[in-house]
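Let's have the full structure, built from the sequences with the hints guiding it.
First residue of the sequence shown? That's 1 in our numbering, and the numbers climb one at a time after it.
Any given hint might turn out to be false.
[Said to hold, decoys possible] With a cut-off of at most 25 Å between alpha-carbon atoms, the simulated SDA-like pairs for lysine to any residue come out as follows:
1. Lys54 to Ser233
2. Lys54 to Lys238
3. Lys238 to Phe190
4. Lys238 to Ala215
5. Lys238 to Arg73
6. Lys238 to Ile274
7. Lys54 to Ile32
8. Lys238 to Gln113
9. Lys54 to Ile158
10. Lys238 to Glu212
Bear in mind the hints are in silico, worked out from the structure with no lab data behind them.
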Amino acid sequence: MPFVSPSRANLSAGRVSEIGLPQILMGIVLTIAAIDCVWAMVGRFDVDYSSYAKLALLSAALWLVSLYYGRFRDAPGIAAMLYGSAFLIVLSAGLSVLNYFLLTVAGPRIDPQLARLDAAIGINWPAMMAAVSTHPLVNIILRTAYSSVLPQVALLIIGLGWRNNVAAINAFCLALAMSAAVTIAFWTAFPSFGAFSVYELPMDVAQRVGPELDAHYARELVRLLVTGPGPISPSELKGLIGFPSFHAAMAVLVVLYGRSLPYACWAFLIWNLIVLVATPVHGGHFVVDVIAGAGVALAAAAATSRIAAVAERRERT
Numbered sequence: 001m002p003f004v005s006p007s008r009a010n011l012s013a014g015r016v017s018e019i020g021l022p023q024i025l026m027g028i029v030l031t032i033a034a035i036d037c038v039w040a041m042v043g044r045f046d047v048d049y050s051s052y053a054k055l056a057l058l059s060a061a062l063w064l065v066s067l068y069y070g071r072f073r074d075a076p077g078i079a080a081m082l083y084g085s086a087f088l089i090v091l092s093a094g095l096s097v098l099n100y101f102l103l104t105v106a107g108p109r110i111d112p113q114l115a116r117l118d119a120a121i122g123i124n125w126p127a128m129m130a131a132v133s134t135h136p137l138v139n140i141i142l143r144t145a146y147s148s149v150l151p152q153v154a155l156l157i158i159g160l161g162w163r164n165n166v167a168a169i170n171a172f173c174l175a176l177a178m179s180a181a182v183t184i185a186f187w188t189a190f191p192s193f194g195a196f197s198v199y200e201l202p203m204d205v206a207q208r209v210g211p212e213l214d215a216h217y218a219r220e221l222v223r224l225l226v227t228g229p230g231p232i233s234p235s236e237l238k239g240l241i242g243f244p245s246f247h248a249a250m251a252v253l254v255v256l257y258g259r260s261l262p263y264a265c266w267a268f269l270i271w272n273l274i275v276l277v278a279t280p281v282h283g284g285h286f287v288v289d290v291i292a293g294a295g296v297a298l299a300a301a302a303a304t305s306r307i308a309a310v311a312e313r314r315e316r317t
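Next up, the structure:
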């Protein structure tokens with residue numbers, strides 16, 4: 001089935017409830033929470049339960065407020081915005097914990113193979129970093145862009161809620177969840193941490209670029225693969241996944257689901273093209289990580305459109 005633009009899926013709140021995307025999202029977070037809880041107890045991991053309980057309470061509060069706006073205030077956009085925010089809080093926390101648990105069963109690293117793939121398409125990561133280091137303004141723009149993805153997710157949900165595009169909010173959340181699931185599953189079988197875990201930058205280049213994630217961070221990730229997760233807390237979690245890049249997947253999904261927002265859609269497109277360029281520089285990724293992450297996002301968006309369309313057809317019959 002061809003990809004359906006999120007803007008064409010701008011259904012009413014009632015129709016969204018009928019096709020069941022909110023129920024699918026609820027099922028996803030409950031499943032992840034159950035897996036985390038059982039594995040935490042069986043594996044006896046050192047988890048900061050109190051901090052995660054606070055996140056769960058925050059998510060529950062947002063969910064209750066979303067019910068209020070949906071049922072008593074007739075404000076479907078606000079309700080969906082709050083529901084999506086609650087979902088993403090639990091999804092992020094739950095999958096981060098699961099990703100750490102999966103360190104104990106992950107396969108062998110594939111970073112050397114990814115380095116060879118980058119080289120095969122003409123990418124020299126150290127040379128790229130050296131080039132960026134000579135352009136301070138470009139470097140500042142790339143650093144800002146790389147750090148902007150999570151705020152963009154929040155802005156997109158607010159914008160879609162403001163325009164009462166309930167279907168797009170739910171579809172965006174589902175596409176994010178599927179992208180995360182694919183990247184985590186692949187990473188578990190073939191873990192990788194990125195170019196900065198393979199190459200050592202000259203000190204002057206590293207100092208001038210000042211990447212958001214540096215060689216020390218990379219060495220810590222490699223150590224975790226050997227020693228296990230250690231203490232697990234939302235304040236200490238590190239992004240583990242190199243290939244495919246979930247950072248790139250989020251950037252592409254923001255562009256896809258932001259297309260229904262007039263004017264902002266162009267800002268999302270231009271800015272997230274910069275995010276994709278920034279990801280190898282300030283995220284320490286291989287370029288092939290970014291390409292694969294973009295592919296995962298496109299596939300997740302297409303699958304989401306298919307799920308929504310099939311559910312809608314069933315509801316009509």
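Hinted pair, alpha-carbon criterion (25 Å max): Lys238, Ile274. Please report holds or violated. This hinted pair holds, its Cα atoms lying about 23 Å apart.
Sort out whether Lys238 lies within 25 Å of Lys54, counting only the CA atoms. holds (19 Å)
Between Lys54 and Ile32, is the straight-line Cα distance small enough, at 25 Å or below? OK: Lys54 and Ile32 at ~17 Å, within 25 Å.
Hint consistency between Lys54 and Ile158 [alpha-carbon to alpha-carbon, up to 25 Å]: Holds, at about 23 Å.
Does the structure keep Lys238 and Gln113 at a Cα separation of 25 Å or less? holds (23 Å)
25 Å Cα cutoff - pair Lys54, Ser233: Holds - the C-alpha atoms of Ser233 and Lys54 are around 12 Å apart, at most 25 Å.
Do the alpha carbons of Lys238 and Glu212 lie within 25 Å of each other, as the hint requires? holds (12 Å)
Given the hint that Lys238 pairs with Ala215, does the C-alpha gap stay at or below 25 Å? Distance of about 14 Å is within 25 Å: holds.
For the pair supplied as a hint, Lys238 and Phe190, confirm whether the alpha-carbon distance does not exceed 25 Å. holds (18 Å)
Assess, step by step, whether the Cα of Lys238 is no farther than 25 Å from the Cα of Arg73, and give holds or violated. Distance ~40 Å between Lys238 and Arg73 Cα, so the pair is violated.
Checked against the numbered hints above, the structure violates only hint 5.
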